[in-house]
Amino acid sequence: MDPLTWGEIIPRIIVQLTPVWIALAVTFALSITFKRRLGLYGKLFDSVIGMMGFALVMFWVFAAVFGAMDLILTHDPLAQSGNMKNKVPGTPYTKMIGEAADGAYPYYLLGGDNLGRDVFSRMIAGAWIVVQIGPLATLFAFMAGITLGLPAAYYGSKLDTSLTFLANLVLAFPVILLFYLLVTPEIVATGIPTYMAMVLFIFPLVFIVILLNARYHTQPKVRAPLLAAVIAVLGLLYLSLISDSSGPIRWLPAWLDLFDIPGGILVVFVAVVFVNAPTVFRIVRGIALDIKTRDYVAAAQTRGEGPWYIMLWEILPNARGPLIVDFCLRVGYTTILLGTLGFFGLGLPPESPDWGSTINEGRKLLSIYPHPALPPALALLSLVLGLNLLADGLREESLRD
Amino acid sequence: MVKQAYDGPILEIDQLSISFFTRLREIPAVMDFSCKVMPGEAMGLVGESGCGKSTVALGVMQDLGVNGRVVGGSIKFKGRELNAMSDAELRDIRGSEIAMIYQEPMASLNPAMKIGRQLMEVPIIHEGVSEAEARARALEVVTDVKLPDPERILASYPHQLSGGQQQRIVIAMALMANPSLLILDEPTTALDVTVEAAVVELVKDLGKKYGTSMLFISHNLGLVLETCDRICVMYSGEAVETGSIGDVFDKMRHPYTQALFRSIPLPGADKNAKPLVAIPGNFPLPHERPRGCNFGPRCDYFEAGRCDAGDIPMEPVPGDERHRSRCVKFKEIDWEMLALGADRTETSEPGDVILRMDDLKKYYEVAASALFSGGETKVVKANESLSFEAHEGETLAIVGESGCGKSTFAKVLLGLETATSGDITLDNKAIGDTPIAERDTQTVADVQMVFQNPFDTLNPSMTVGRQIIRALEIFRIGNSEAERRARMLDLLDLVKLPREFADRMPRQLSGGQKQRVGIARAFAGDARIVVADEPVSALDVSVQAAVADLLMEIQRRQKTTLLFISHDLSIVRYLSDRVLVMYLGHVVEIGTTDQVFAPPYHPYTEALLSAVPIADTRVQKKHIVLEGDIPSAMNPPPGCPFQTRCPWKSQVPGTKCETEMPPVLDMGDGHKIKCHLTREKLDGMEPVITLAAE
Numbered sequence: 001m002d003p004l005t006w007g008e009i010i011p012r013i014i015v016q017l018t019p020v021w022i023a024l025a026v027t028f029a030l031s032i033t034f035k036r037r038l039g040l041y042g043k044l045f046d047s048v049i050g051m052m053g054f055a056l057v058m059f060w061v062f063a064a065v066f067g068a069m070d071l072i073l074t075h076d077p078l079a080q081s082g083n084m085k086n087k088v089p090g091t092p093y094t095k096m097i098g099e100a101a102d103g104a105y106p107y108y109l110l111g112g113d114n115l116g117r118d119v120f121s122r123m124i125a126g127a128w129i130v131v132q133i134g135p136l137a138t139l140f141a142f143m144a145g146i147t148l149g150l151p152a153a154y155y156g157s158k159l160d161t162s163l164t165f166l167a168n169l170v171l172a173f174p175v176i177l178l179f180y181l182l183v184t185p186e187i188v189a190t191g192i193p194t195y196m197a198m199v200l201f202i203f204p205l206v207f208i209v210i211l212l213n214a215r216y217h218t219q220p221k222v223r224a225p226l227l228a229a230v231i232a233v234l235g236l237l238y239l240s241l242i243s244d245s246s247g248p249i250r251w252l253p254a255w256l257d258l259f260d261i262p263g264g265i266l267v268v269f270v271a272v273v274f275v276n277a278p279t280v281f282r283i284v285r286g287i288a289l290d291i292k293t294r295d296y297v298a299a300a301q302t303r304g305e306g307p308w309y310i311m312l313w314e315i316l317p318n319a320r321g322p323l324i325v326d327f328c329l330r331v332g333y334t335t336i337l338l339g340t341l342g343f344f345g346l347g348l349p350p351e352s353p354d355w356g357s358t359i360n361e362g363r364k365l366l367s368i369y370p371h372p373a374l375p376p377a378l379a380l381l382s383l384v385l386g387l388n389l390l391a392d393g394l395r396e397e398s399l400r401d
Numbered sequence: 001m002v003k004q005a006y007d008g009p010i011l012e013i014d015q016l017s018i019s020f021f022t023r024l025r026e027i028p029a030v031m032d033f034s035c036k037v038m039p040g041e042a043m044g045l046v047g048e049s050g051c052g053k054s055t056v057a058l059g060v061m062q063d064l065g066v067n068g069r070v071v072g073g074s075i076k077f078k079g080r081e082l083n084a085m086s087d088a089e090l091r092d093i094r095g096s097e098i099a100m101i102y103q104e105p106m107a108s109l110n111p112a113m114k115i116g117r118q119l120m121e122v123p124i125i126h127e128g129v130s131e132a133e134a135r136a137r138a139l140e141v142v143t144d145v146k147l148p149d150p151e152r153i154l155a156s157y158p159h160q161l162s163g164g165q166q167q168r169i170v171i172a173m174a175l176m177a178n179p180s181l182l183i184l185d186e187p188t189t190a191l192d193v194t195v196e197a198a199v200v201e202l203v204k205d206l207g208k209k210y211g212t213s214m215l216f217i218s219h220n221l222g223l224v225l226e227t228c229d230r231i232c233v234m235y236s237g238e239a240v241e242t243g244s245i246g247d248v249f250d251k252m253r254h255p256y257t258q259a260l261f262r263s264i265p266l267p268g269a270d271k272n273a274k275p276l277v278a279i280p281g282n283f284p285l286p287h288e289r290p291r292g293c294n295f296g297p298r299c300d301y302f303e304a305g306r307c308d309a310g311d312i313p314m315e316p317v318p319g320d321e322r323h324r325s326r327c328v329k330f331k332e333i334d335w336e337m338l339a340l341g342a343d344r345t346e347t348s349e350p351g352d353v354i355l356r357m358d359d360l361k362k363y364y365e366v367a368a369s370a371l372f373s374g375g376e377t378k379v380v381k382a383n384e385s386l387s388f389e390a391h392e393g394e395t396l397a398i399v400g401e402s403g404c405g406k407s408t409f410a411k412v413l414l415g416l417e418t419a420t421s422g423d424i425t426l427d428n429k430a431i432g433d434t435p436i437a438e439r440d441t442q443t444v445a446d447v448q449m450v451f452q453n454p455f456d457t458l459n460p461s462m463t464v465g466r467q468i469i470r471a472l473e474i475f476r477i478g479n480s481e482a483e484r485r486a487r488m489l490d491l492l493d494l495v496k497l498p499r500e501f502a503d504r505m506p507r508q509l510s511g512g513q514k515q516r517v518g519i520a521r522a523f524a525g526d527a528r529i530v531v532a533d534e535p536v537s538a539l540d541v542s543v544q545a546a547v548a549d550l551l552m553e554i555q556r557r558q559k560t561t562l563l564f565i566s567h568d569l570s571i572v573r574y575l576s577d578r579v580l581v582m583y584l585g586h587v588v589e590i591g592t593t594d595q596v597f598a599p600p601y602h603p604y605t606e607a608l609l610s611a612v613p614i615a616d617t618r619v620q621k622k623h624i625v626l627e628g629d630i631p632s633a634m635n636p637p638p639g640c641p642f643q644t645r646c647p648w649k650s651q652v653p654g655t656k657c658e659t660e661m662p663p664v665l666d667m668g669d670g671h672k673i674k675c676h677l678t679r680e681k682l683d684g685m686e687p688v689i690t691l692a693a694e
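Residue numbers (the UniProt record's numbering), protein chains in the order written: chain P, 1 to 401; chain D, 1 to 694.
The following block holds chain P by itself, in its conformation from the complex:
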């Protein structure tokens, strides 16, 4: 068989991504039809920039999801073929030993890397890792930042001073050095990352419990069962998350431990949350300082509301505009951070298809074979660009009217 030309490769990639195009078309058709009823999300479709950003982001989200469902991948991202080492894009797929299985995709669309793995499949599979960790880690960072930022702004004085100092301390620490420290086997062995996870992951639990308690404490009949249910479910999740059969914390019996997070991922997660939370803290504190002078906050105080109700139900909802915008930007930063971590080979296993690791591997032969490093780099670029455009669009639209 002859290698494919670029004129043939591109249509084949487009066909291969068919499920993504269908999903994007459906999302846009539905959203534009009902945009007047969808609030801020609907308004996004009034701004060209916002729509472009949203399309880029959703492209990668769908690609990641369908990739994980094995609808897009042409080859197993981890399978190697001695014949395919550093082959250029469009090379027909052959194996060094034995015949290729029947029904196997006949080409490496974007070529093979230095171990003869399919670059296209690895890029798509890498998207799944990035799309999973990025937003989730950012969300945890937000929960921690909000839970600490609101009281700092609301109570002020000593609490504010000490929390702000703590945030500055974390921000002043060199990030890369921190990561290196966290993944060093000696440090992992002491259990420090696990203990940090224990502290950082308690915030979502605390946040949700306080949120509901503040809202329902006047109605004991609703509050008791609701809180009991929430604490049971979230508490179990939390304990499953932090306790690990091989880690330093083994609080849950094995039959109750729902899942174990691979040590590497947990470290990456902890690191990302740890460096993002102080920035979120500062933003939340700044906005809350402004909102707490509003009359509706005074009105809540004069009717005897507790401080947590005021923080979470009067101040937080009105800070959502800037926070949503920051969230989008921050997912972008997190994605870059994950790339950086992968690039330095920190945290994730070496064969992992995530974009940072693949860029790093491709880098070694960059001057001879640029094709293995470019696709993940462009993927990372387009996803972060999409997130930034989305944030711009949201900011523009939320500022109007």
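If you are wondering where the hints come from, they were derived from the structure by calculation, not from laboratory data.
Don't take each hint at face value.
[To be verified] Derived, one-sided and incomplete: chain D residues facing chain P with beta-carbon distance under 10 Å: (1) Thr420; (2) Ala522; (3) Val531.
For glycine and all other residues, C-beta sits at the position ideal for the given N, C-alpha and C.
Here the structure of chain P is known, so what remains is to put chain D in place on it, guided by the hints.
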């Protein structure tokens, strides 16, 4: 540029239409607007917010932003068409021939530049004069605007001056180039009344001295009466009536003008015997204007088929000079007829004392340096020996300018702060030392507050109904969600809002409607004492009356004690039973409304009364202009707090005013004045406001 001599109209606007273009539609902001300003004439432009009066001013400056455009008509300045001018020509005119003064003085001054440099820029740019000459001119103008120590002022930065001084600098800057036309857009709205009076006085004098024509934009009819020769009333983008002050104030020929005058509290109005007549309905949104007359749906004289037939032109009023009205029926309406539907109500008798303040003091300690806490601290005396009683069902007005301590007092009463010393007793229960977290639910529900700014009083991300239900939950009213919802709907009825509003978001409501929701929320727990902090001052004139009357009606029904905090003496005179005047944390006068509004006065009350503009041509006022600004509470003057500005100080022998705190004089019947003036001097005071005999 050389200024040409010109004796025609300074500004001639003919059938001007201005629209703003948004994503969705074109929004006409001004339609078919015509007016003429002659040399040396002051024209008042009056209307409610959103009526297009500021847009007219921006149109004259040709500064409509990216969305705005003049879509028809002409604006001639000294005979030259402004719409056709190039940017360079406009730049030449702006600042030198037409100057504008905005509402917020701090926003008009460059905070990073010394006052002197900012003033000198004007002649240097427009006339190319030397620095020395520009500085000499700046010094002269700063002296003209009556600022003390001009040299020091020129060398200071804007933030070192008070609001009143800043506004004087803005006026000075406008006058630097000796313009032919001065546009003033609500120049005193951000200032305190006594400061406002001084600034208005200054503008009037300078207008005469420099022979400048003025376009004075305001929502305050009284202010326009004091400053202008002619007036133009705007409603929803159109001029509805224009004419000389005398014609429009005394012989109005448009139903909107009439309704406006009936809805503002003039001397003689009384909440029981002669209540105000609110204008029904709401101001139409620019894209929802009715066909024909814009005021039609709210007008008493509306006649289907005529008023909504088509565009209505401005018609001259026969017999008057340059008096025009935009009403098809103005020749048929009986303009002398009294307003319909103004019901008299019974005067309610105040009941027992429910709230008593005894020698209340509230001091704040402020660290002298913000960086290092500890060390030296300063004491701010926000409230100083406050004593009074409030009875059930009465309205007690607390009057004073910013910084007088009225908000601090409200905070202490509501439990957001605790008193430094002294007692507050509610039903014989001391609450002065109890912060709100330790008060029982009943006490909290009993003392509630209505806030000033309607755009800030409701949580923007919660529905109206939810916010009221939350108050009910907190006050433990109702046993189930359904019961509370029913009670919430009752409360909406109480404040006369449609029940559908329960599911609306606050941004879908107008200012007056939001204020009503705020009132409903305050009364959720059947409050017995409601502190109303300037509840109507941020509202448009036509809705003020409706909201004020609503408060009165609820008060009558529920026997609520209303503590009405305000600086607007017109509304205070109309609403309240008793008045308490505060200055720098001290109560300087207390008594029934009649006692306070008639001599003998405390000198500060007298100045306040004289400062408040009254929109009635019959009123004769004694002119008292206070010098200077209110001293800072951080650094109060020794002796009598008012001594630095008191016009009567020379009447007190010796240095008693500077050294001794004045005693409280009992003038009989609970009327108390805190002053060093002798009884005879106080008794000899003349009334500030007199109604000329008709």
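Which earlier hints turn out false for this structure, listed by number in ascending order? Structure breaks hint 1 only.
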